[in-house]
Amino acid sequence: MVTVTRDGALEWMRRFASELSEHREQLVRLDTAIGDGDHGTNLDRGMRKALEKLDGGEQADPGTVLKTVAMALVSSVGGAAGPLYGTFFLQMGSALGSDSEVDLPRFAAAWRKGLEGVQMRGKAEAGDKTMVDALIPGVGALEAASDLEGGLRAAEQAAEEGMKATTPLVARKGRASYLGERSKDHQDPGATSTYYLFKSAAESLAG
Amino acid sequence: MVTVTRDGALEWMRRFASELSEHREQLVRLDTAIGDGDHGTNLDRGMRKALEKLDGGEQADPGTVLKTVAMALVSSVGGAAGPLYGTFFLQMGSALGSDSEVDLPRFAAAWRKGLEGVQMRGKAEAGDKTMVDALIPGVGALEAASDLEGGLRAAEQAAEEGMKATTPLVARKGRASYLGERSKDHQDPGATSTYYLFKSAAESLAG
Amino acid sequence: MKKLINAPDAVVQDALHGVEAAHGDRVRVSYDPAYVVRRDAPVQGKVGLISGGGSGHEPMHGGYVGVGMLDAACPGEVFTSPTPDQMIEATKAVNGGAGVVHVVKNYTGDVMNFEMAADLGKGEGIEVETVLTNDDVAVEDSLYTAGRRGVGVTVLVEKICGGAAEDGRSLNEVAELGRRVNAAGRSMGMALTPCITPGSGEPSFELAEDEVEIGIGIHGEPGRFREKIGPASQIAERLMTPILDDLPFSSGDRVLAFVNGMGGTPLIELYVLYNEVAKIAQQRGLSIERNLIGNFITSLEMQGCSITLLRLDDEMVRYWDAPVNTPGLRW
Amino acid sequence: MKKLINAPDAVVQDALHGVEAAHGDRVRVSYDPAYVVRRDAPVQGKVGLISGGGSGHEPMHGGYVGVGMLDAACPGEVFTSPTPDQMIEATKAVNGGAGVVHVVKNYTGDVMNFEMAADLGKGEGIEVETVLTNDDVAVEDSLYTAGRRGVGVTVLVEKICGGAAEDGRSLNEVAELGRRVNAAGRSMGMALTPCITPGSGEPSFELAEDEVEIGIGIHGEPGRFREKIGPASQIAERLMTPILDDLPFSSGDRVLAFVNGMGGTPLIELYVLYNEVAKIAQQRGLSIERNLIGNFITSLEMQGCSITLLRLDDEMVRYWDAPVNTPGLRW
Ligand SMILES: Nc1ncnc2c1ncn2[C@@H]1O[C@H](COP(=O)(O)OP(=O)(O)O)[C@@H](O)[C@H]1O
Ligand SMILES: Nc1ncnc2c1ncn2[C@@H]1O[C@H](COP(=O)(O)OP(=O)(O)O)[C@@H](O)[C@H]1O
Ligand SMILES: [Mg+2]
Ligand SMILES: [Mg+2]
Ligand SMILES: [Mg+2]
Ligand SMILES: [Mg+2]
Chain E
40 MVTVTRDGAL EWMRRFASEL SEHREQLVRL DTAIGDGDHG TNLDRGMRKA
90 LEKLDGGEQA DPGTVLKTVA MALVSSVGGA AGPLYGTFFL QMGSALGSDS
140 EVDLPRFAAA WRKGLEGVQM RGKAEAGDKT MVDALIPGVG ALEAASDLEG
190 GLRAAEQAAE EGMKATTPLV ARKGRASYLG ERSKDHQDPG ATSTYYLFKS
240 AAESLAG
Chain F
40 MVTVTRDGAL EWMRRFASEL SEHREQLVRL DTAIGDGDHG TNLDRGMRKA
90 LEKLDGGEQA DPGTVLKTVA MALVSSVGGA AGPLYGTFFL QMGSALGSDS
140 EVDLPRFAAA WRKGLEGVQM RGKAEAGDKT MVDALIPGVG ALEAASDLEG
190 GLRAAEQAAE EGMKATTPLV ARKGRASYLG ERSKDHQDPG ATSTYYLFKS
240 AAESLAG
Chain U
396 MKKLINAPDA VVQDALHGVE AAHGDRVRVS YDPAYVVRRD APVQGKVGLI
446 SGGGSGHEPM HGGYVGVGML DAACPGEVFT SPTPDQMIEA TKAVNGGAGV
496 VHVVKNYTGD VMNFEMAADL GKGEGIEVET VLTNDDVAVE DSLYTAGRRG
546 VGVTVLVEKI CGGAAEDGRS LNEVAELGRR VNAAGRSMGM ALTPCITPGS
596 GEPSFELAED EVEIGIGIHG EPGRFREKIG PASQIAERLM TPILDDLPFS
646 SGDRVLAFVN GMGGTPLIEL YVLYNEVAKI AQQRGLSIER NLIGNFITSL
696 EMQGCSITLL RLDDEMVRYW DAPVNTPGLR W
Chain X
396 MKKLINAPDA VVQDALHGVE AAHGDRVRVS YDPAYVVRRD APVQGKVGLI
446 SGGGSGHEPM HGGYVGVGML DAACPGEVFT SPTPDQMIEA TKAVNGGAGV
496 VHVVKNYTGD VMNFEMAADL GKGEGIEVET VLTNDDVAVE DSLYTAGRRG
546 VGVTVLVEKI CGGAAEDGRS LNEVAELGRR VNAAGRSMGM ALTPCITPGS
596 GEPSFELAED EVEIGIGIHG EPGRFREKIG PASQIAERLM TPILDDLPFS
646 SGDRVLAFVN GMGGTPLIEL YVLYNEVAKI AQQRGLSIER NLIGNFITSL
696 EMQGCSITLL RLDDEMVRYW DAPVNTPGLR W
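Chains as they are written, first to last, in my numbering: chain E, 40 to 246; chain F, 40 to 246; chain U, 396 to 726; chain X, 396 to 726.
Just so you know, these hints were derived from the structure itself, not from any lab. If you're wondering where the values come from, they're calculated on a predicted model, not measured in any experiment. A virtual CB, placed ideally from N, CA and C, is assigned to each residue, including glycine. Do not take every clue at face value.
[Said to hold, decoys possible] Only some residues are given here: those of chain X computed to face chain E with a beta carbon under 7 Å: (1) 474; (2) 476; (3) 503; (4) 504; (5) 539; (6) 592; (7) 594; (8) 617.
[As the list claims (entries may be wrong)] Pairs of lysine to any residue, SDA-like flavour, derived with a Cα cap of 20 Å: (9) F:223 <-> U:542; (10) U:397 <-> X:620; (11) U:397 <-> X:628.
[Claimed, not checked] Covered stretches of chain U, as calculated for chain F (at least 3 residues, CB under 8 Å): (12) 456-466; (13) 471-478; (14) 493-505; (15) 590-602.
For reference, chain E alone in the conformation it holds in the complex (with noise of 0.2 Å):
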């Protein structure tokens, strides 16, 4: 596959609310530990929503996919989730257009649109611990790539380790910010999910 069809996107976001589902409890735990507990349970709410939502009705494109996703969100999850995952594909989406084929540098200047958007939405640079800091290497990592399988896998790769690298910092937003020194030594729950968001992107657009 060398373009984003719309089939494509939905298989992804498919993939994606059947990670979270099946990631629940880890979320929640995570959230626990700094924050309020809720995070898997209103990811895997938002998700279920979303796909229901999609079930629903005919997309054109990825972009519509997306966007539509993105208001499933916004109207379901509520929380700091909600408004930033809403946020990020809202911003995805739109900078798709109405175009039916996706290539490479199109659908990664896209996710850079999304990361802006959730940092204006949120105000977090990197380091702050949150979501941001798994998807900053995600999306630096599509971009510096020169095909969509590989750049899919190197994204994966580099969440990962931005997710995994939030576990040693001090949260400087959301809720996990009230700990101060406390937040440290565990893994940011935001990062977490976004990671599972670049996972289930190569998994069903890198095949």
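Here the structure of chain E is known, so what remains is to put chains F, U and X with the ligands in place on it, guided by the hints.
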């Protein structure tokens, strides 16, 4: 000792207070099982107050000692035990009049008056699984005795048997009665504290 | 045992100091003997209304002292009925010449202590009437036992009699109304967890991680039976069926539905339960005309709830709706 | 996990049905999107006041909908901020032409969701002002973090702004007053036990049998530090000192003292604590002119408490005292 004097009565009350203080947890435990767990705390508090009252004044005779204890219990114990023990000591003390020395027949008759007061106040019959089940045999033994020392020892033993015999009973009075059949297989807390009343009498008056 | 207290035997006194500090504009506190009394007591010509009972059921009773409800409340030690001297002093403090009603929950200890107080109160020339509450259907009603416990309906009796007393009704009228409310009310409770009294430091009973106790009392007394926890709908059914069958309530009855928290149950759960109660009431053809939802007669930090249904008549509704201004109930 | 619920993901909806069944005379409930709104909304010419936040803090916010307080409340899932569509619909439902104030607790999720809603609300020609509450001194205030959490003062903002809105004050006046209340209020909380959200089924943290957590948030977020439990006097000191030093409060200040239960703490303990708070206030020369004691902003069944002090001015007192008729607060 062949009579009960003012000092004997005082010693009895001190012993009773220290028995209750020593067995406070046991009484709490017994009352937790079939009641609300306050029997030990309440009687312990009450007898401390009673000793304070006794120490704070001069009592001319055994009857006054018991009536002083009665008033202290009534106004500090609360619950079922307050009025019951209060009535017991009030009736018993009144029966003793202002005699300064009390012999066995008069002493036994006073216990009987106390028992009658308890039954008047609480309407419990033998076998209802209450303090009455220790009082009845104890008072009976005292009445049947021919000397004070032997009578007190016999009464202690009879009360202990009465106390133990409450275990298989179904409670028909007091808080334990709410349990119905489930009150079986537990020794009654009030019968237990009444056993200590006889025990302390034997230890202080049968010297 | 972890509690926000200074010492187990100082809890009641310390809390009374807190009540005085917080509500000194509405109530006065006497410490020895202990009672909480309306600031403006005695109200001349008004029937005085007092209640009392063990502490640990807050806001009952101290939180219900104020205009439109109690004139005074006598707090005992935690879960221990108060003593006659408290009741006598409180009775005197609220006697405005029209007599005094004692609202007494049917527990051996409460009944005997109030009895002693009432005997003595009469001796001082104050006319006293007693209203005994005994609404707990979890307990078998029998002449040969201590009878049913007084639970949730006590709050309703205190509110409704308080309204009637404020309205200038006579001693006998207020007492009769209270007895009518008690006779028309039924309750049952359940627990998810036990509570720990400061005095004992130990849980009142043990429950497995998936068990509930149905028919519990408000002193941690064990209930009718235990079972595996079910959904709120099942719990509502377990409590409503004995209540409905006992009076019995019948189709067309107008009722007040009171969903009470035992102290440690979040309000959101009480609303979940209320929804189930409302459904069952509707199925049975009852019309819920008034309701009360929250922690009003509690058992320290126990998790659980009780349901009280009261069959209403016009007079009860009128005095239920009458203004009340107490720390615990106000409108 | 033992709870009076039907299913973890039905809690909020079921409770909303309970609210509608219980308080249908005062509020209407919308289920999709979920919000509770005054029955008579929109009140023409009155500034609309709405709030929202995760569920599990009852009576906040749904219990504060009614005359003299909120026009609408948007409940999220348990401990999860609600979504923009709820806020948008609620905003429309309460817009009487004078604009709408959003009371938002400073949590990343709440702020972002309300931001999205406010953007969209403006798009529909409704003027929206936001009052952000961030009174929790347990959290360090820094530009480089998410800042302080909004806790107890939120209840006070809602009551006082509600009074002002009812009094016909303008959008800017109501919002400015709300900001002033927030600026003059400080809070801190502590926990004896964790709570369990229905969604996770696990305790939010673990505490030893003799430990307390000082500086806890209302979502079971861990606090500043842990220590062995001490007497209520020590706990009051632990919470009061950071509060008093932060504003700072000074001798002669008139304050409202709010002792709040986290949901699972018996009222008697809150009064014990209030007594200690009053003592400390007196030592510091503060005059407690108003108080509030009870479970008003909770954390499910968590045992613990929070203290909020608000430095009062005449306008705050006036609107605090103004009539309010909601299920959770009424006078
Ligand atoms: N300002 C922010 N910018 C980016 N990501 C953030 C920000 N605040 C929080 N997050 C992410 O959100 C995650 C928590 O999400 P979630 O638990 O759903 O929200 P909440 O904290 O409202 O419960 C955090 O682990 C973090 O990765
Ligand atoms: N009606 C009664 N007559 C005699 N004794 C009684 C009666 N009711 C209760 N008791 C005794 O009182 C004991 C309980 O006392 P206590 O725990 O102090 O009172 P409460 O039940 O009010 O907490 C019971 O174990 C029983 O022996
Ligand atoms: Mg979270
Ligand atoms: Mg007892
Ligand atoms: Mg008792
Ligand atoms: Mg959350």
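Structure-based check of each hint:
no., hint, verdict
1, 474, "5 Å, holds"
2, 476, "5 Å, holds"
3, 503, "4 Å, holds"
4, 504, "4 Å, holds"
5, 539, "6 Å, holds"
6, 592, "6 Å, holds"
7, 594, "4 Å, holds"
8, 617, "6 Å, holds"
9, F:223 <-> U:542, "18 Å, holds"
10, U:397 <-> X:620, "17 Å, holds"
11, U:397 <-> X:628, "14 Å, holds"
12, 456-466, "violated (count 0)"
13, 471-478, "holds (count 8)"
14, 493-505, "holds (count 3)"
15, 590-602, "holds (count 6)"
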